[in-house]
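One letter stands for each residue in the lines below.
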Amino acid sequence: METQEKLQSIINNIEKVMIGKKHIAELSVVALLAEGHVLLEDVPGVGKTMMVRALAKSVSANFKRIQFTPDLLPSDVIGVSIYNPKDMEFHFRPGPIMGNIVLADEINRTSPKTQSALLEGMEEAAVTIDGETIQIAKPFFVMATQNPIEYEGTYPLPEAQLDRFLLKLKMGYPSHDDEIEVLRRAEGTRPIETLTSVVTLDELKVLQQEVKRVHVDELVKGYIVELARATREHQYVYLGASPRGSIALMKASQAYALLKGRQFVTPDDVQFLAPFVFAHRLILKPEARYDGITPEEIIGRVIINTSVPIKRASR
Amino acid sequence: MSNSSIVKWTSLMGLYLIIFWMLVEWLMPIVQLTSTGHLGLFLVFIVLCLGSNIVNLNGVLSFAIKFLYIIWFLMYVYLGTKFFSVDSMMKIAGDFGISVKALIAGDWNDVTDSFRSILFFVLLWMTIYLIHHWLTVKHTVVYFFLTTIIFLCLIDSLTKYNADSAIIRVMVLGTLLMGVLFVNRLFNGSQVKLQAKHYTMLLIPLVLMIIGSSVFAFLMPKKQAIVNTPDSIAKLMDWKNGQNAGIGKIGYVEDDSKLGGPFEEDSRPVFEVAAKVNQYWRIETKNIYTGKGWVRKPGDVYVHTFEYGEDIPMSLKPGKEKNTDVATITLKKDYKFIMQPYGLKSIDQPNDEKSFYIEIDGEKIRPSINEQKVLLPKYSMSYSTPEYSLKALEKTKMSDLRKLPKEYDQYLQLPVTLPERVNNLAKEITKGEKNVYDKANAIVSYFQYNGYQYSRTDVAVPKEGQDYVDQFLFDTKSGYCDNFSTSMVVMLRTLGIPARWVKGFSEGDEVSSDNGTHRFVVTNNNAHSWVEAYIPGVGWMSFEPTIGFDGFDNVLNDVKDEENEGTINPKQKENEKAKEEKQKKAEQKKKAKQEKEQAKKEEKKKQQQLEDKQSQNETKTTSKKWNKVITIFAVIVLILAALGYLTRKKWMPKWLLLKYRFKGKNNITIDRLYNDLLHQLSLNGLSKEEGQTLSEFAKLVDKKLGTDHMSNLTNIYEEYLYSNGASTMDKDKIIECWEYLINRITG
Chain W
0 METQEKLQSI INNIEKVMIG KKHIAELSVV ALLAEGHVLL EDVPGVGKTM
50 MVRALAKSVS ANFKRIQFTP DLLPSDVIGV SIYNPKDMEF HFRPGPIMGN
100 IVLADEINRT SPKTQSALLE GMEEAAVTID GETIQIAKPF FVMATQNPIE
150 YEGTYPLPEA QLDRFLLKLK MGYPSHDDEI EVLRRAEGTR PIETLTSVVT
200 LDELKVLQQE VKRVHVDELV KGYIVELARA TREHQYVYLG ASPRGSIALM
250 KASQAYALLK GRQFVTPDDV QFLAPFVFAH RLILKPEARY DGITPEEIIG
300 RVIINTSVPI KRASR
Chain F
0 MSNSSIVKWT SLMGLYLIIF WMLVEWLMPI VQLTSTGHLG LFLVFIVLCL
50 GSNIVNLNGV LSFAIKFLYI IWFLMYVYLG TKFFSVDSMM KIAGDFGISV
100 KALIAGDWND VTDSFRSILF FVLLWMTIYL IHHWLTVKHT VVYFFLTTII
150 FLCLIDSLTK YNADSAIIRV MVLGTLLMGV LFVNRLFNGS QVKLQAKHYT
200 MLLIPLVLMI IGSSVFAFLM PKKQAIVNTP DSIAKLMDWK NGQNAGIGKI
250 GYVEDDSKLG GPFEEDSRPV FEVAAKVNQY WRIETKNIYT GKGWVRKPGD
300 VYVHTFEYGE DIPMSLKPGK EKNTDVATIT LKKDYKFIMQ PYGLKSIDQP
350 NDEKSFYIEI DGEKIRPSIN EQKVLLPKYS MSYSTPEYSL KALEKTKMSD
400 LRKLPKEYDQ YLQLPVTLPE RVNNLAKEIT KGEKNVYDKA NAIVSYFQYN
450 GYQYSRTDVA VPKEGQDYVD QFLFDTKSGY CDNFSTSMVV MLRTLGIPAR
500 WVKGFSEGDE VSSDNGTHRF VVTNNNAHSW VEAYIPGVGW MSFEPTIGFD
550 GFDNVLNDVK DEENEGTINP KQKENEKAKE EKQKKAEQKK KAKQEKEQAK
600 KEEKKKQQQL EDKQSQNETK TTSKKWNKVI TIFAVIVLIL AALGYLTRKK
650 WMPKWLLLKY RFKGKNNITI DRLYNDLLHQ LSLNGLSKEE GQTLSEFAKL
700 VDKKLGTDHM SNLTNIYEEY LYSNGASTMD KDKIIECWEY LINRITG
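So the sequence lines, in the order shown, correspond to chains W and F. Counting along the first sequence from 1, when you hit position 11 you're at 10 in numbering that gives the first Met the number 0, and nothing is skipped either side. Counting along the second sequence from 1, when you hit position 273 you're at 272 in numbering that gives the first Met the number 0, and nothing is skipped either side.
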């Protein structure tokens, strides 16, 4: 199982830096393998940036970081053409989006105009400048972070644009013991500096191709569709998971299965990933908010109530 | 003895103490109701049985002790010897032999008391054994608890035994028992060691709850029981003896809504009459036929009051003035109504206090003081028996019936459920008759000549959905006055002739005579019912359809053509008619002789047909036998199926094991194996939930069974199920895991 070993080594690498956050590391790798993007949502100081940097370093990828501020312009993200008086021509100076792994920090602090520049790039894997389309180098992986507690001067991403992210993750605080370990490590040199890459970009591309070959049985496809449908029909849900959501769940499940060393997807994979894939795609009715019900809870209930396929009709 | 086994032992002691008290609750009513003595000795036996279970006595030893105790009991109770002796042993053995013989012969009454006691002891023994099994193996006594409650409820409601407090005691004891057993089950299911501390911690809230709820229930206001059935057992016994209803005692009863069923003789006198002639005594009429019996119109009773000596407005007009007679009634039974002779004119005993009222609907006359019904022990009445002119009767036409006023419609009421064939029969019987009177008489004589029987014992009660009249006319053809009279009223009504059902007493027996005044005694046996029909232009007229009764002698034969003068009984007339018919038939026979040759061929044909019919009948009887066999077979199959279904938890895994072994591993598919396993697991309380994935479920099962076989098997199955099927399976491992799990399920 060479593939699995490689993937495991990425996670181990991240774990050197991030303590007690194995599932976040795993999910990030899942998104990377499934060619999706991740939205990390949490309060400042829990290691969102560190997480992304560790991942970038492990893959020996071209890492870029965009710190979003209210006065950031789209050209600051995608790049700008500058007139060179020497040869009397415009030369394109690529912006920070032109990297393999891009950390978009505090994405909700910039104007919608700038946000959409990034999101368009994420969706198309290309940017358009002065009528010229420039492809972004592959693999292309964006990890955006946003701070959920600050509302003053922020521009929350519209629901439709949240759809562009494959997964939405929450870091959460470390446990008591983990936090002590964090402190202990902070005493010495920062481990991120010593991190070496374990997978090359080419190897990553191969892995991404392998993900696409993971078998998703009709039974499991049916199960994914049933889950998506159930979110649409739920009493508290105003807008359920779209077909794009179903596709996302399938791709993520494939990646997760590969990560677990399997060549086929099981309902367990689907169940594990459903909250991370679906939660940010659901728009709840106001009464759900009054009742204090979160999208994660709804997905949990949907999973409990949707029957898992355990029988083949005939083979 | 370790700490936990002491706890176990004490808890078992406690449980048996509760069981003992519950058994006492069983014994109390039995002893009281069957007046069995020696309750104490029975209790000692129970203590013996329970005690030997608690100390886990050696099987042979405990059997010997119980056996000896029973023998000693028999000797002590039935022979009075306190100690064992060969003589008494022999005597008991003799009794035993006699009883066994009696049992084999089916003579239940010859079974000796000592044998009954033995049986009772054996029953107790078995019951306690069963309870012991429930307690220690199943850890539940729901069945015992439930049967105790049901037993006490039945005993309380069906017998005189008052189980009010017993039910409460049993409820409290039973809930306590179940609670303790639940705690035991909890400890048994988990690996936690049984400790006195835990035990008491769990039991204290239970006891508090039971005490609290009992006190609460005791203080709550209670509703009084609605139905009081003190004699239900007696009724049940009656029901067992009779087919459907109890054997009634003959006599005058007010409720006729459910007719039918056999009657017993009752020759106690009801009243005595002093009159010139013996006659029928009318009490009331009823108009509404329900299909099962007769009822009065619900709602208000319209009455007409009158005084002594005043003319009474009866619908049936009295006869001629010159024929007026007086009859004196002396009641022997406290009936608060008047026995009316036909043609009643007035009640003659001057008395200022009492007055009378007649219920217009039904014509029942009641004496009263200040509108209160009272008893009039002795009274005399003047009456003139009505007489009807045969001439006038023969002039009546059916078409006149249509001109009758609306008030007679109530005498044409019929239930909608009345089968059509009753109407058809009535039409058939009366086809040849023209006038209303003859039509009525045709029905009277129909009963005489068509195989109907008078019987007080062989009388059926109509089944659900069956009509009383229809049953008598076509099915049973056996009954007493109610059957005949009701049938006649109903048939008259189907023809459009207004008719009503009359109740009262038939003629009594003469006991003495003095100067033309005769004394008659009317007994309960004389209770009777007959018919009154309305003949247009003539009025109400009484008819006697019941076989064996003389009927009414009230038709004045004034038709000139007839040779006889004076009165004539309609039945006599019918007899004559029948004679004439016989003569006619004889003539017809002569004619038939002449046509014999022609008929020969036809007869042959008929014989052929007859033979055909006989053979058909034979096949019918054989098919009936087959039906019986098939029914029995079906019942057996059903019972076996039910048993198999109920015990499927036990045998199905074993059967599956055999089945798959027989099939051989190359023919086994994993999905059949796995799904069978899932089914067996769910039967044994390990069922997968809807949203649970197989691996989650497998982990759960493994945790419960303490293995990892389920997860291993599930991994293989999941790969088979969700991958594209390229992988090869290790069948030996599959079968190994599967067999292990199946065996674990069966325990």
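A hint or two may mislead.
[Stated by the list, open to error] Result set (DMTMM-like, lysine to aspartate or glutamate): computed pairs, CA atoms no more than 20 angstroms apart in a straight line: (1) Lys662(F) to Glu735(F); (2) Lys291(F) to Glu463(F); (3) Lys331(F) to Glu463(F); (4) Lys332(F) to Glu271(F); (5) Lys220(W) to Asp267(W); (6) Lys698(F) to Asp670(F); (7) Lys15(W) to Glu180(W); (8) Lys687(F) to Glu225(W); (9) Lys63(W) to Glu88(W); (10) Lys211(W) to Asp255(F); (11) Lys321(F) to Asp310(F); (12) Lys310(W) to Glu689(F); (13) Lys275(F) to Asp112(F); (14) Lys310(W) to Asp310(F); (15) Lys259(W) to Glu34(W); (16) Lys372(F) to Asp347(F); (17) Lys687(F) to Asp267(W); (18) Lys310(W) to Glu509(F); (19) Lys310(W) to Glu695(F); (20) Lys702(F) to Asp267(W); (21) Lys291(F) to Asp255(F); (22) Lys220(W) to Glu738(F); (23) Lys310(W) to Asp675(F); (24) Lys698(F) to Glu225(W); (25) Lys321(F) to Asp552(F); (26) Lys658(F) to Asp731(F); (27) Lys310(W) to Glu718(F); (28) Lys732(F) to Glu689(F); (29) Lys732(F) to Glu718(F); (30) Lys377(F) to Asp255(F); (31) Lys259(W) to Glu695(F); (32) Lys220(W) to Glu718(F); (33) Lys259(W) to Glu718(F).
[Unchecked claim] Short, incomplete list of chain F residues facing chain W, as computed with Cβ under 8 angstroms: (34) Asp399; (35) Leu400; (36) Asn665; (37) Asn666; (38) Asn674; (39) Asp675; (40) Tyr721.
It should be emphasised that the hints constitute simulated quantities derived from the structure, not laboratory data. Where is the CB? At the ideal position from N, CA and C, for every residue including glycine.
Quick rundown of the hints versus the structure:
{"no.": "1", "hint": "Lys662(F) to Glu735(F)", "verdict": "holds (15 angstroms)"}
{"no.": "2", "hint": "Lys291(F) to Glu463(F)", "verdict": "holds (10 angstroms)"}
{"no.": "3", "hint": "Lys331(F) to Glu463(F)", "verdict": "violated (38 angstroms)"}
{"no.": "4", "hint": "Lys332(F) to Glu271(F)", "verdict": "holds (10 angstroms)"}
{"no.": "5", "hint": "Lys220(W) to Asp267(W)", "verdict": "holds (13 angstroms)"}
{"no.": "6", "hint": "Lys698(F) to Asp670(F)", "verdict": "holds (19 angstroms)"}
{"no.": "7", "hint": "Lys15(W) to Glu180(W)", "verdict": "holds (11 angstroms)"}
{"no.": "8", "hint": "Lys687(F) to Glu225(W)", "verdict": "holds (19 angstroms)"}
{"no.": "9", "hint": "Lys63(W) to Glu88(W)", "verdict": "violated (27 angstroms)"}
{"no.": "10", "hint": "Lys211(W) to Asp255(F)", "verdict": "violated (89 angstroms)"}
{"no.": "11", "hint": "Lys321(F) to Asp310(F)", "verdict": "holds (16 angstroms)"}
{"no.": "12", "hint": "Lys310(W) to Glu689(F)", "verdict": "holds (13 angstroms)"}
{"no.": "13", "hint": "Lys275(F) to Asp112(F)", "verdict": "violated (61 angstroms)"}
{"no.": "14", "hint": "Lys310(W) to Asp310(F)", "verdict": "violated (95 angstroms)"}
{"no.": "15", "hint": "Lys259(W) to Glu34(W)", "verdict": "holds (18 angstroms)"}
{"no.": "16", "hint": "Lys372(F) to Asp347(F)", "verdict": "holds (19 angstroms)"}
{"no.": "17", "hint": "Lys687(F) to Asp267(W)", "verdict": "holds (14 angstroms)"}
{"no.": "18", "hint": "Lys310(W) to Glu509(F)", "verdict": "violated (93 angstroms)"}
{"no.": "19", "hint": "Lys310(W) to Glu695(F)", "verdict": "holds (16 angstroms)"}
{"no.": "20", "hint": "Lys702(F) to Asp267(W)", "verdict": "holds (19 angstroms)"}
{"no.": "21", "hint": "Lys291(F) to Asp255(F)", "verdict": "holds (9 angstroms)"}
{"no.": "22", "hint": "Lys220(W) to Glu738(F)", "verdict": "violated (32 angstroms)"}
{"no.": "23", "hint": "Lys310(W) to Asp675(F)", "verdict": "holds (12 angstroms)"}
{"no.": "24", "hint": "Lys698(F) to Glu225(W)", "verdict": "violated (25 angstroms)"}
{"no.": "25", "hint": "Lys321(F) to Asp552(F)", "verdict": "holds (18 angstroms)"}
{"no.": "26", "hint": "Lys658(F) to Asp731(F)", "verdict": "holds (16 angstroms)"}
{"no.": "27", "hint": "Lys310(W) to Glu718(F)", "verdict": "holds (12 angstroms)"}
{"no.": "28", "hint": "Lys732(F) to Glu689(F)", "verdict": "violated (28 angstroms)"}
{"no.": "29", "hint": "Lys732(F) to Glu718(F)", "verdict": "holds (15 angstroms)"}
{"no.": "30", "hint": "Lys377(F) to Asp255(F)", "verdict": "violated (27 angstroms)"}
{"no.": "31", "hint": "Lys259(W) to Glu695(F)", "verdict": "holds (16 angstroms)"}
{"no.": "32", "hint": "Lys220(W) to Glu718(F)", "verdict": "holds (15 angstroms)"}
{"no.": "33", "hint": "Lys259(W) to Glu718(F)", "verdict": "holds (13 angstroms)"}
{"no.": "34", "hint": "Asp399", "verdict": "violated (78 angstroms)"}
{"no.": "35", "hint": "Leu400", "verdict": "violated (72 angstroms)"}
{"no.": "36", "hint": "Asn665", "verdict": "violated (17 angstroms)"}
{"no.": "37", "hint": "Asn666", "verdict": "violated (15 angstroms)"}
{"no.": "38", "hint": "Asn674", "verdict": "holds (6 angstroms)"}
{"no.": "39", "hint": "Asp675", "verdict": "violated (12 angstroms)"}
{"no.": "40", "hint": "Tyr721", "verdict": "holds (5 angstroms)"}
Checked against the numbered hints above, the structure breaks hints 3, 9, 10, 13, 14, 18, 22, 24, 28, 30, 34, 35, 36, 37 and 39 and satisfies the rest.
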